[in-house]
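These protein sequence lines are chains A and B, in that order. Note that the first sequence covers residues 1 to 367 in our numbering. Note that the second sequence covers residues 1 to 367 in our numbering.
Errors might be hidden in some of the hints.
Derived lysine to any residue pairs resembling SDA-like cross-links, with alpha carbons at most 25 Å apart [as the list claims (entries may be wrong)]:
(1) A:LYS322 to A:PHE345
(2) A:LYS322 to B:GLY85
(3) A:LYS159 to B:GLY326
Just so you know, the hints here were simulated from the structure itself, not pulled from any lab data.
These are the residues of each chain, in order.
2 protein chains.
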Amino acid sequence: MQTLTVNLGERSYPIYIGAGLLAQAELFKRHLAGRQVAIVTNETVAPLYLDSLIASLSGCEITSVVLPDGESFKNWETLQLIFDGMLSARHDRRTTVVALGGGVVGDMAGFAAACYQRGVDFIQVPTTLLSQVDSSVGGKTGINHPLGKNMVGAFYQPKAVVIDTSVLNTLPARELSAGLAEVIKYGLICDKPFLGWLEQNMVALRGLDMPLLAQAIERSCAAKARVVGVDERESGLRATLNLGHTFGHAIETHMGYGVWLHGEAVGAGTAMALEMSTRLGWITAQERDRGLRLLIQAGLPVIPPEEMSQENFLEHMAVDKKVLDGRLRLVLLRRMGEAVVTDEFPREVLDATLNADYRALVARLES
Amino acid sequence: MQTLTVNLGERSYPIYIGAGLLAQAELFKRHLAGRQVAIVTNETVAPLYLDSLIASLSGCEITSVVLPDGESFKNWETLQLIFDGMLSARHDRRTTVVALGGGVVGDMAGFAAACYQRGVDFIQVPTTLLSQVDSSVGGKTGINHPLGKNMVGAFYQPKAVVIDTSVLNTLPARELSAGLAEVIKYGLICDKPFLGWLEQNMVALRGLDMPLLAQAIERSCAAKARVVGVDERESGLRATLNLGHTFGHAIETHMGYGVWLHGEAVGAGTAMALEMSTRLGWITAQERDRGLRLLIQAGLPVIPPEEMSQENFLEHMAVDKKVLDGRLRLVLLRRMGEAVVTDEFPREVLDATLNADYRALVARLES
């Protein structure tokens, strides 16, 4: 087992990474304030891992809340199920919410913990690669609004993140690829050598080579922990973690939550950020193509949905959380391995990026 | 104008108290991070004071959200109206939410600010006596759940509290009395000399003597600011501010939100806390009667609803936020002017309190 730490003063917490951690009762019990535990999971994950988690929490007074699965349920109605379950079972302020699932479960359980009786403890137990390398670390919680993704939420840190790599054995390939989008992101924004490592090992990672996956998770979490430790509430540096996300959120919102997986939308969004950075002259066409190839190797879409017009993108991006004083700010690559958040780009370059022929770009790569 | 400060390190903020402050544009503008402002108010307050506030915010990009009035609307559906309004008008992270209204508006607008894009600034402009002396100060925000009051919310501090005492001129007498319940509370829990002052001035206060009301508000806010500065997240001392509230919340939840005003329920709840403290031998019957007389003088109910059984009370109190490890904790008076939060009371004394004949107690007082 590896242990990393997110350094946030008195709100610091550990990230445990290893195989079989779900069965290690002590890892959980050391972080419980009281005897009550509310496990929040979904109908896909529950049959696979809920019993095992319950066994590790033996002796606790447990309430399990099983949510419907999917981004389209990341809304108030579903969140209400968590409050209903906890209040019916009379959970008090010393209860601990345990999120057992992917990013949607983690975001909702975390937000429920932030709001329940104005705040109770919570522990993240992420069960998808995407949530293990990204969303379970850093305390971003929330739900979607019809007008924008993650528009309602809280910065609320967990007491611990328990990453059991064994659960990846049951993860669908499409979800694994979605998680790799966020892994590649770390290489692009702050860890150029990692890109080479990923190029070498992508086939093995997709083939579920566990030691290599654990390495990828650790390197990703270390990057995330470093950034969050510097800028918890996203006043600056942390926004660079959103490479590809402004374009990606527009795709998710426009297509209907859950039609594209978050990681898939980030994949295509990252392709767009690479293209825009190239058009600005900040990276070369060769560097852009290197990024595109890696995304394709990971099994990700790099072509935005054909039905989305420039206007569709602009409309959805106008409510992005990085917009300030009416100006859209984007995460772009100043160079390979270094991201910036900026509103200093000619409008024509954004328009050209939204209208670029990604299909042709990919065809050229493949020829 | 008087200025008090809530001392919370980098989250410290001023409370301005005075007549006509709504018209003092500078008071607001000094606390705005950006140009956008979302005014949240209700359909009762809007016709009275919205234009005046909008005038003070001239030059800002203003969105007004007018909510239905009443505790029964303090729920997610109404909260959603705030998010809808802000997202439709594309408010960004530098926006400021201004709560113009009573406790319900303040709690909901504050919670909306806590959650909107994971947190934006907000300013409290309380327009009822109750919100001026209590709920606008200290950062408790939230909404009700069918199973319990204020069960979903956040500790989230405003950037400023602007108390314009002139608005009390339009406050219905019933609401004024409700506010006096919280004023009397401060005397009972931490300021015994204040009880004498209130006895002397209660008639004038109910007659809207503005200088005296301003004094009562200032003394109440000073007490609240002191307690919140010591214990922001209610790990100890702050819970004493809930004198009468555990009984009161049970009344509000049981009767249906809004049937009894919050302050009215606190009035009857305080009568019950006085009775229980007497039965425990902590205060004398004469001291209890002094408290009851003051509540009656303020125009408050001191007899719990006849239709509520002991079981009704116990059921609702079991989900109180002060319950820990299954044990009910109550705020009681150790002596006049000193409250404690305790679970150390014989169960029979609680039962006797719930079954006491308050009608007879009051009849004896009046004879």
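Against the structure, the hints:
1. A:LYS322 to A:PHE345: The given pair, whose Cα atoms are some 15 Å apart, holds under the 25 Å limit.
2. A:LYS322 to B:GLY85: holds (19 Å)
3. A:LYS159 to B:GLY326: Distance of about 23 Å is within 25 Å: holds.
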